[in-house]
Structures are given as C-alpha cells and as structure tokens.
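Student: Sequence:
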Amino acid sequence: MKAIANRILLTLSALLKDNLRNRFVIFWVIVFPLLLTIIFALVFGGFSSYLHVGVITNNYGLAKYINTSGLFYAIYGSNERYAITHGFIYVNYSASEVKIIAPNSEEEFVKSLSALISTYQTSNDTTKAVNIELVKGFSYYAYLISGMVGVVALSDGILGVIGVSAGYYRDRLVERLASSPLSSAEWSLSIILYTIVVTLISTALIFILGLLYGFYPIVSLEFLGTLVVSTLMFGGLGAIIYGLTPKDKIFLSEVVANVFVFPLIFLSNVFFSPLAYPPYVRPFIEYQPLSLVTTIIRDLVLYSQPPNIINTFALLVATIVFVGLGVRLLRLREIE
Numbered sequence: 018m019k020a021i022a023n024r025i026l027l028t029l030s031a032l033l034k035d036n037l038r039n040r041f042v043i044f045w046v047i048v049f050p051l052l053l054t055i056i057f058a059l060v061f062g063g064f065s066s067y068l069h070v071g072v073i074t075n076n077y078g079l080a081k082y083i084n085t086s087g088l089f090y091a092i093y094g095s096n097e098r099y100a101i102t103h104g105f106i107y108v109n110y111s112a113s114e115v116k117i118i119a120p121n122s123e124e125e126f127v128k129s130l131s132a133l134i135s136t137y138q139t140s141n142d143t144t145k146a147v148n149i150e151l152v153k154g155f156s157y158y159a160y161l162i163s164g165m166v167g168v169v170a171l172s173d174g175i176l177g178v179i180g181v182s183a184g185y186y187r188d189r190l191v192e193r194l195a196s197s198p199l200s201s202a203e204w205s206l207s208i209i210l211y212t213i214v215v216t217l218i219s220t221a222l223i224f225i226l227g228l229l230y231g232f233y234p235i236v237s238l239e240f241l242g243t244l245v246v247s248t249l250m251f252g253g254l255g256a257i258i259y260g261l262t263p264k265d266k267i268f269l270s271e272v273v274a275n276v277f278v279f280p281l282i283f284l285s286n287v288f289f290s291p292l293a294y295p296p297y298v299r300p301f302i303e304y305q306p307l308s309l310v311t312t313i314i315r316d317l318v319l320y321s322q323p324p325n326i327i328n329t330f331a332l333l334v335a336t337i338v339f340v341g342l343g344v345r346l347l348r349l350r351e352i353e
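Quick note on this note's numbering: the sequence shown kicks off at 18 and runs consecutively.
These aren't lab readings, by the way, just hints derived from the structure by calculation.
Treat the hints loosely; a few may be bogus.
To be verified - In the PhoX-like style, the derived pairs of lysine-lysine whose C-alpha atoms are separated by at most 20 Å in a straight line are:
1) Lys81 <-> Lys116
2) Lys145 <-> Lys128
3) Lys153 <-> Lys128
4) Lys116 <-> Lys153
5) Lys116 <-> Lys128
6) Lys128 <-> Lys81
7) Lys145 <-> Lys116
8) Lys81 <-> Lys145
Given these sequences and hints, build the entire structure.
Tutor: In structure tokens, the structure reads:
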C-alpha cells in the first residue's frame, strides 16, 4: 500500500512540474477562467439586472397576472429567504397588505411592480396597501464569481485529464511509464489528483479576483469537499472520453471534450439565472451537471445555506460512477 501511494505521489509531482511550466496549460487552467470572469464582469456587471427580473409571490393569481405583463417573470412560492438570497423580488400577499420585499439592486423595478399589483387589485375589487421594503441582496459580481468556481472544476477536470493524457501519449512518454511498475489505476488516480490540485490553485486566484469586486466568499470544509468531489466527477468524465477514443485518433478526445465543455459553460446558470433563458431551455439550464455543481457551490460560498440534498446526492452518485469507469478506461497499457 505504501509503495502504491509513493508511486502515485511521485507521478503527481512529475505531472505538476511538467504541466505548470507549460504556457498552454497555464492559459487554460489559470488565465482563461480569470479572463472570462473579467469580461463578463465588465460587460454585464453594470446592467445585468435588466436581463432578468424574477418575482416570487405567495398569491397564485397575482403570479399569473404579473407574467402577462412581460416585464417580470413570476413564480408561485412562499420562501422569502430563498427569493432574496437568489436575487428575486418577493411579494407577500396577506389579508391586510401587500408587501414588496426587494434586494436594493432591484430598486428601480419596484415602482413598476407596485403599479402592476395595484392594477391587479383594481381588477379584483380589492384595495390593500402596497408597502415596500428594500433589503441587502447580492451583486452580479458575487453571482458570477461564485459560478466561475464551477467552470474551473469542469474545465480543469475534463480538459485537464484529456490534455495531460493526450499530451503524454503524443510525446511517447506513456511508453516509458508503461515500462515502469506504475499501474493503470495509479496512473488514472495521479492524473485526477493533478486536476484537483490545479483546480484549488485556480479557485484561489478566482477568489482573489473576487475580492477586488467586493465579493468575500465563505470558504468552509463543506465547500472544499464539494470542489474536490466536483473535480473528481468531471475528471472521471474526462477519463471516460479519453479512454473510449481510439489511440490512432487521439485528437478526437480533445475535439469531443471542447464540444462537450463549452456548451455546458455557456448554457448554464454560471453567468445568468435560468430565468434569463427562453422557457424551453430552462430545464436543461437548471439541471445540467455544471449548473447542479454551481448551485451547490453558491449555496455554500455565497448564500451560506445547506445545499439541496437531492443535488448533493446526485453529485456523489455521478462522481462514483464516472471515476469508477474512468479509472477502468484510462489505461496506461493496452494489454495488462
């Protein structure tokens, strides 16, 4: 057991030394996530709220009426804390009053919403007072930067595993490793551990950038565990893609990885709420793998609340399946 651990650690050390000196690797694992964060922060940071204004209300009829306006997207529900922490306006429709509770970032939309509610009351022959309360919410920068942590886990996991594996195969370094006592399972675990280390480095840099935008993440053991498990899941998926690729067409693994990764990044909840997308793609946006990971991470580092147990369970199951298959498919030798 000690010999196995030593071989894995030595291989991990060699992978880190080789790849962190590579300018191409440095760009994709460190510069690219930072660049993407800065671009979206600069372009959308000032007016991101115009892209989606969500309302949650405990009155079903009011929710339907608000949706007819085309100005807001309303959902029937009664979880005020969820609404405020996730950037929604909450409307509490009680027997005595209508209370609009809005994040201060959505203040400019409150008057329009209040007018809509008054019109709704008129059509229903009611005249309850409409009161407004502004509370502290979360900025777009906090939303974006917490989401970029999920992108780091995705890109470093899938692209990291495939990039290292394909590079070592093309440079014929795999042949040298195959003549050593290193087993395929040890090789696979070494690569996946490499992606975890790189992910932790990239995440630290993302958070340092976040400090410049006023985002102070809540870093906990639960968050670090989630980050490691997420990287394991995506790393396992990368190992599966590489392992299923014919070795005489190894470039296809990188093509497939890019075709898979970039749609997941841009069709997710990383940059915008699912409400910003057309209704027919919202289910995919909300429940695809990167969005599930991002939702869990935001709950921990931004909203400071326990993540959804179903999302967490799905992440753990997917990780076990992908890593198990990936370790079997990412062979160091074609015949063992």
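Student: Look at each hint and say if it fits the structure.
Tutor: Going down the list of hints, with the structure as the test:
As the CA atoms of lysine 81 and lysine 116 are separated by approximately 17 Å, the hinted pair is consistent with the 20 Å bound. A C-alpha spacing of about 16 Å is found between lysine 145 and lysine 128, which places the hinted pair at or below 20 Å, so the restraint holds. Between lysine 153 and lysine 128 the CA atoms are separated by roughly 18 Å; this keeps the pair inside 20 Å, and the hint holds. With a C-alpha separation of about 16 Å, the suggested pair lysine 116 and lysine 153 falls inside the 20 Å cut-off, and the hint holds.
Annotation: proposed proximity of lysine 116 to lysine 128 holds, straight-line Cα distance about 13 Å (limit 20 Å). Only pairs whose Cα atoms come within 20 Å are accepted, and lysine 128 paired with lysine 81 is accepted, the gap being roughly 19 Å. This hinted pair checks out: lysine 145 and lysine 116 have alpha carbons roughly 10 Å apart, not beyond 20 Å. With a CA separation close to 19 Å, the supplied pair lysine 81 and lysine 145 stays within the 20 Å bound.
The structure meets every hint from the earlier list without exception.
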